[in-house]
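Student: Position one of the sequence shown corresponds to residue -5 (my numbering), numbered consecutively onward.
If you're looking for bench data, these hints aren't it; they were derived computationally from the structure.
Backbone N, C-alpha and C fix where the C-beta goes; we use that ideal spot for every residue, glycine too.
Label pairs and their calculated CB-CB ranges:
| # | residue 1 | residue 2 | range |
| --- | --- | --- | --- |
| 1 | W189 | H273 | 17 to 25 angstroms |
| 2 | L289 | K48 | 49 to 57 angstroms |
| 3 | Y137 | K110 | 20 to 28 angstroms |
| 4 | H273 | V17 | 51 to 59 angstroms |
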Amino acid sequence: MEFTAKFLAQLLKGTVEGDENAVATKMAKIESGKPGTVSFFANPKYEPYVYSSKAAILIVNKDFVPKEPVSATLVRVENAYSAVAELLSYVAKKKQKARRHRSLFAHWYLSTKFGKKVYLGAFSKVGRRSSIGDGTIIHGHVYIGDDVVIGKDCLIYPGVVIYPGTRIGNHVILHAGCIIGSDGFGNAPQPDGSWEKIEHLGNVVIGNDVEIGSNTTVDRAQMESTVIGNGVRIDNLCQIAHNVIIGDHTVMAAQCGIAGSTVIGKYCILAGQVGVAGHLKIADHTTLLAQAGVLGNIRKEGEVLLGSPVIPAKQYLKAYALFKQAAAE
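Could you build all of it, start to finish, from the sequences and the hints given here?
Tutor: Below, the structure is given as structure tokens:
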């Protein structure tokens, strides 16, 4: 795909400094920028590469002031990092040509409903009374159970399993191997020490503009619904247990685990390997740093927490400094 600096400035609502007809055909990291590529500069520690990069076009913040000559044509934008995300999204959509296609090796039923320009790959199955929205792409080897509703312009990668009754909004991305709607881990202890399985008859409801990473599992509710809000981003290898509710625009990095019936607020950030116990409430705008363990409710909004069990991050770092000092003595 070919871009001119002028086109990029129009697309990203920026301005051109240099040759507006400069052309790039590929994207590259700033440290490996070569002729014919477009790169971006957003992190100050990469500034030396601005002056050594051979990229044809460089996307920078509008307030960036070079300290040395820059050979690349600059496209100045409000936020370079966000602009690159927008550019990558534009390229991805261009590559995903919407087309109606249902493989001869796929399986569906007379009661299955397909919207316009739905793509269904080989060896995928869509269940009875399920509905697939316009422009949705379902790659090969996907299983979609009965009575599932999937919205418009979704992207479902190979090996995804969607259990019966699941509800999925528009513009949702499900990466390879994720499981939506499996039974929650519910078992009742018996007098003899054995366990009796508790059936899960609820479902999973996923909002709009959600992305769920590879091999992540979202369990169906025991009753009612496990809910993933609008704009949520969940990384690979996460576990969302039964009856959990995740608020809008919360993000969750790899290997997080959320136990049953916990409510995560809106705009929260969960770093890698965060664990949250069951039946808790986490306030909006909470940030849980890597390997945090949450054992109680978090009621105050906007806190940054660390440790297990969690305490305010600054307090934890002070305590850890003393711990290191004591260990060295």
